[in-house]
Amino acid sequence: MTVNERVKEIRKTEVLTMESFGEKLGVGRTAISNIENGKRNVTDQMIKSICREFGYREEWLRDGIEPKQPPKLEEDELAEYIEDLLSTDNSTYTLIKSILKTYNKLDDKSKQVINNTIDELIAEMKKETTTEIN
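Per the working numbering: the sequence shown ends with 116, consecutive numbering throughout.
The reader is advised that the hints may include incorrect statements.
[To be verified] Straight-line Cα separation of at most 25 Å, SDA-like style, residue types lysine to any residue; simulated pairs: (1) K108 - E59; (2) K108 - N97; (3) K54 - I(-8); (4) K(-10) - W42; (5) K93 - P49; (6) K(-10) - P49; (7) K30 - S2; (8) K93 - A105; (9) K79 - L68; (10) K(-6) - N19; (11) K54 - I29; (12) K(-10) - K30; (13) K30 - I64; (14) K79 - L67; (15) K50 - L68; (16) K(-10) - Q27; (17) K79 - P49; (18) K30 - E(-13).
Quick caveat, the hints were computed from the structure, so don't treat them as lab data. Remember, predicted model here, so these are calculated numbers, not experimental data.
I would like the entire structure built from these sequences, with the hints used as guidance.
In structure tokens, the structure reads:
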């Protein structure tokens, strides 16, 4: 697969028209069409723009070296979960919101007690999982 084909793959994965993909990169539909059809080479600047805008690795876009995207940071993954949770209107959201509000009102010592308890619960769950596997 060529870099031009990978550009097209990114556009299709992002579910964008050539026009909207180009707008995000500061170029027109014709430029994207020429790139995808191999009539025009992908410049270094365009590669950097695509990777920055859509979160792909340059090594993959240039040479097809996996993975396509960098691994997500734990904080980014948590942010996605929270965003997903906030986008739904259900009782789970209400419960978590109440827990977080209550936790936020606690003093530092109380927060530490809760954090230690959670750490102990996680350690116990890991032990149980390991025991079940063996």
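So, going through the hints one by one against the coordinates:
The hinted pair formed by K108 and E59 meets the criterion: a straight-line CA distance of about 21 Å does not exceed 25 Å. Pair hint K108 plus N97 holds up; C-alpha atoms about 17 Å apart against a cutoff of 25 Å. As the CA atoms of K54 and I(-8) are separated by approximately 18 Å, the hinted pair is consistent with the 25 Å bound. The suggested pairing of K(-10) with W42 holds, with an alpha-carbon distance near 13 Å, which does not exceed 25 Å.
Between K93 and P49 the CA atoms are separated by roughly 39 Å; this puts the pair beyond 25 Å, and the hint is violated. Taken as a hint, the K(-10) and P49 pair is honoured in the structure, with Cα atoms around 17 Å apart against an allowance of 25 Å. A threshold of 25 Å between alpha carbons decides the hint, and for K30 with S2 the separation of about 18 Å falls inside it, so the pair holds. Distance restraint check for K93 and A105: the Cα-Cα separation of roughly 18 Å lies within the 25 Å cut-off, and the hinted pair is therefore satisfied.
A distance of roughly 9 Å separates the Cα atoms of K79 and L68; the hinted pair therefore holds under the 25 Å criterion. Taken as a hint, the K(-6) and N19 pair is honoured in the structure, with Cα atoms around 14 Å apart against an allowance of 25 Å. For the hint linking K54 to I29, the alpha-carbon distance of about 20 Å falls within 25 Å, and the restraint holds. The suggested pairing of K(-10) with K30 holds, with an alpha-carbon distance near 15 Å, which does not exceed 25 Å.
A hinted pair counts as satisfied when its Cα atoms are at most 25 Å apart, and K30 with I64 does not qualify at roughly 29 Å. For the hint pairing K79 with L67, the CA-to-CA distance comes to about 10 Å; that is within 25 Å, so the pair holds. Our distance criterion of 25 Å between C-alpha atoms is broken by K50 and L68, whose separation comes to about 28 Å. Taking the CA atoms of K(-10) and Q27, the gap is near 17 Å; set against the 25 Å cutoff, the hint holds.
Restraint check: the Cα-Cα separation between K79 and P49 comes to about 35 Å, which exceeds 25 Å; the hinted pair is violated. Among the hinted pairs, K30 with E(-13) is consistent with the structure: their alpha-carbon atoms are about 16 Å apart, no more than 25 Å.
Hint check: violations occur at hints 5, 13, 15 and 17; the rest are consistent with the structure.
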